[in-house]
Amino acid sequence: MDERSPGPPTRRLVLFTTAGLGLAAFTRPAAATPAAMDEAIRALVASAMVKPGRVKLELPPIVENGNTVPLTVTVDSPMSETDYVAGIHIFNEKNPQPYVAAFDLGPRAGKAVVSIRIRLADSQQVVAIARLNDGSFWSDSADVVVTLAACAEG
Amino acid sequence: MARVLINVPAQAKRGEIIEIKTLIAHPMETGYRLGPTGAAIPRDIINRFTCSYNGEEVFRAEFFPAIAANPFIAFFTVATESGQIVFSWTDDHGETQTEIRQITVE
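Going down the list, the protein sequences come from chains A and B.
Quick note: to get my numbering, add 105 to the position in the first sequence (first position is 1).
Quick note: to get my numbering, add 1 to the position in the second sequence (first position is 1).
Each hint should be verified, as a subset may be incorrect.
Simulated crosslink set (SDA-like; lysine to any residue; CA at most 25 Å straight-line) [claimed, not checked]:
1) K22/B with G211/A
2) K22/B with S241/A
3) K216/A with T51/B
4) K216/A with T105/B
5) K216/A with I18/B
6) K161/A with E20/B
7) K14/B with T179/A
8) K161/A with N55/B
9) K22/B with T179/A
If you anchor each label on the Cβ, the simulated ranges turn out as follows [claimed, not checked]:
10) G39/B with N170/A: 24 to 30 Å
11) I167/A with T97/B: 34 to 40 Å
12) Q12/B with A140/A: 48 to 54 Å
Treat the hints as calculated values from the structure; they're not laboratory data.
Yeah, the Cβ is synthetic: ideal placement off N, Cα and C, and Gly gets one too.
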């Protein structure tokens, strides 16, 4: 029988395929990718443009412990009845999930400022997106170097 | 009941923008860590936080496993009138913990 003729799978082929499947299953939960983050952002903003500006994302540039990283988002807005920030969304590139947190606020907030503490599994970029009541989206990003990653101890 | 720290000014002027800080004791188990047997430890996080001022919701947060253990939140609100500020945290099991603080507005 000719080697290249189509037919039942050879033993070699079966071995290669199963090895590939095993590898894929092993690497899958390791990290979200920048592409996964873009997809999550796209799901939020749909077809709207995300403009840089108005948002200030503050994170320490170098983090010793990725298990607790202070983060502050400040949005430049008068927070009046007619012009306010309706939501703040935070995304990351390399944690297992691209979404970090979402906040709903309104004119009653007075100031569009939120602080939290997050986990970072690796050195990466963090993105904050503000959703205004007029339907526009504004963003800022910050690059963080993480020395001790969250989830590293298993 | 988890331990909670809440920082709200007891008194404020009408229309003043006040800062509220809250912290609740919770492991925020991500679901990605492996236990001693090698099996994943099931996810157990607080996924929702809300703050209401005299019955009106003024702030809400949705959390994912990337929130650090013992979640801390700081945000602002306008002191409109004297009354109650109610905080509630809801976890993956659907259990909610609620705390109430009084504020006097002059």
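### Task
Starting from the hint list further up, note which numbers the structure goes against and sort them upward.
Violated: hints 2 and 8.
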